[in-house]
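S.K.: Residue strings, one per chain:
Number of protein chains: 4
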Amino acid sequence: MAGYIENKDAVLKRLARVEGQVRGLQRMVDAETYCIDVLTQISAATKALQAVALELLEDHLSHCVADATREGGTEADAKVKEASDAIARLVRS
Amino acid sequence: MAGYIENKDAVLKRLARVEGQVRGLQRMVDAETYCIDVLTQISAATKALQAVALELLEDHLSHCVADATREGGTEADAKVKEASDAIARLVRS
Amino acid sequence: MAGYIENKDAVLKRLARVEGQVRGLQRMVDAETYCIDVLTQISAATKALQAVALELLEDHLSHCVADATREGGTEADAKVKEASDAIARLVRS
Amino acid sequence: MAGYIENKDAVLKRLARVEGQVRGLQRMVDAETYCIDVLTQISAATKALQAVALELLEDHLSHCVADATREGGTEADAKVKEASDAIARLVRS
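Each protein sequence line maps, in turn, to chains H, F, C and V. Following the working numbering, the numbering of the first sequence begins with 142 at its first residue and continues without gaps. Following the working numbering, the numbering of the second sequence begins with 142 at its first residue and continues without gaps. Following the working numbering, the numbering of the third sequence begins with 142 at its first residue and continues without gaps. Following the working numbering, the numbering of the fourth sequence begins with 142 at its first residue and continues without gaps.
Because the hints were derived from the structure by calculation, they are not lab data. Certain hints may be false.
[Stated by the list, open to error] With a Cα cut of at most 20 Å, we get these calculated SDA-like pairs of lysine to any residue:
| # | chain 1 | residue 1 | chain 2 | residue 2 |
| --- | --- | --- | --- | --- |
| 1 | H | K149 | F | D178 |
| 2 | C | K222 | H | I146 |
| 3 | C | K188 | V | R158 |
| 4 | H | K149 | H | E196 |
| 5 | V | K222 | C | I177 |
| 6 | F | K222 | H | I177 |
| 7 | V | K188 | F | D226 |
| 8 | H | K222 | C | A151 |
| 9 | F | K149 | V | S225 |
| 10 | C | K222 | H | D226 |
| 11 | H | K222 | H | R211 |
| 12 | F | K154 | H | G165 |
| 13 | C | K149 | V | A172 |
| 14 | V | K154 | V | K188 |
| 15 | F | K149 | H | G165 |
| 16 | F | K149 | H | R164 |
| 17 | F | K188 | H | D226 |
| 18 | F | K188 | F | R211 |
| 19 | V | K222 | F | R211 |
| 20 | H | K154 | F | D178 |
| 21 | C | K149 | V | R164 |
With the rest of the complex left out, here is chain H (with noise of 0.2 Å):
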């Protein structure tokens, strides 16, 4: 089960107001937009990205890997081993 489901319109959102500045990018590269512009652009599309990567972590967090902790067992230390292997992908994006 996924864990973000309490929240997962205010996900849905988020994805798609990225998914317009992804196309706004579209459009200033089409426009031919300054190099520094576009690239202030991609800077926040980025970061905007990341908050979501990081809500869905604090839920994951939260809900799934709280859920194996409380159940015990080898299940709970695979749980956060598997958060962790995110992170470090995170943190390397």
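Mind docking chains F, C and V on chain H? Use the hints.
M.R.: Only chains F, C and V this time, still in chain H's reference frame:
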């Protein structure tokens, strides 16, 4: 003038692909896909956006900044400062 | 209590290595080494520091946050929020 | 020649401060300081290292790359490519 003009079509194609990734993310969230799988796709989309930024930056350095340098004067320093600020925003996003 | 206690020696060893890398950077700059070579070493030291952070974070999730979750109550939510804020700082640094 | 020569003392001072931060981190871990406080300090040290990198990069662009551009030829393109690769390593670290 935009430094990426020679690569304009390639840049537009990359951005269209990122838009597709972000639409795919919305479908995943709508289908309540497991958090970690959504996070993996967000990392991929973030990397793709950063790759576009790095390409624009290289084009910017080799055209806009190089042109200003050849003309000399205070404009050259201003261009390097502007590019450095854009790099800083990219590193921190 | 620190979640990394079982790995304390390994963490200290990694940090000592990062300290060595930063001292090496000072020697390189003092010897006026070519900029790009210094930058390559800064990237390596940054990655090493981030790797320590990711290890501490995994230990923190599997011990401190997991313990709070098992005890339940508002403390568990506070721990997840605190860890999420630390992850956000890491992603943005 | 190193592009940061005029700022050499300032760069060395910043690196000495980062070395102090990393030694402080070892003391914190040795004293078994709470994970989150150690992580906050790692984020600070990482940011300080990235700030040195951004300064070196700006010096490199305004001296080494600018000089190559003024001389022209294939050397100028090679310098921009080399700087772009260094920026990519920085963004991903």
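S.K.: Has the given pair, C/K188 with V/R158, been kept, meaning a C-alpha gap of at most 20 Å?
M.R.: 18 Å, holds
S.K.: Given the hint that V/K222 pairs with C/I177, does the C-alpha gap stay at or below 20 Å?
M.R.: Status holds; Cα separation ~11 Å.
S.K.: Is the Cα-Cα distance between H/K149 and F/D178 20 Å or less?
M.R.: 15 Å, holds
S.K.: Next pair to validate is F/K149 with H/G165; report whether the Cα-Cα distance is within 20 Å.
M.R.: 15 Å, holds
S.K.: Need the status of pair V/K154, V/K188: alpha-carbon distance at most 20 Å?
M.R.: 15 Å, holds
S.K.: Below or equal to 20 Å on CA atoms is what counts here, so check F/K149 against H/R164.
M.R.: 15 Å, holds
S.K.: Take a quick look at whether C/K222 and H/D226 sit within 20 Å of each other, Cα to Cα.
M.R.: The hint holds at about 19 Å.
S.K.: With the threshold set at 20 Å, check whether the alpha-carbon distance from F/K149 to V/S225 stays at or below it.
M.R.: It holds: about 19 Å lies between the C-alpha atoms, which stays within 20 Å.
S.K.: If you draw a straight line from the CA of F/K154 to the CA of H/G165, is it 20 Å or shorter?
M.R.: 14 Å, holds
S.K.: Under the criterion that the straight-line Cα-Cα distance not exceed 20 Å, is the pair F/K188, F/R211 satisfied?
M.R.: Not OK: F/K188 and F/R211 at ~33 Å, beyond 20 Å, violated.
S.K.: Need the status of pair C/K222, H/I146: alpha-carbon distance at most 20 Å?
M.R.: At roughly 18 Å apart (the allowed maximum being 20 Å), H/I146 and C/K222 satisfy the hint.
S.K.: Going straight from one Cα to the other, do H/K154 and F/D178 come out at no more than 20 Å?
M.R.: 19 Å, holds
Against the hints set out earlier in the document, a violation occurs for number 18 only.
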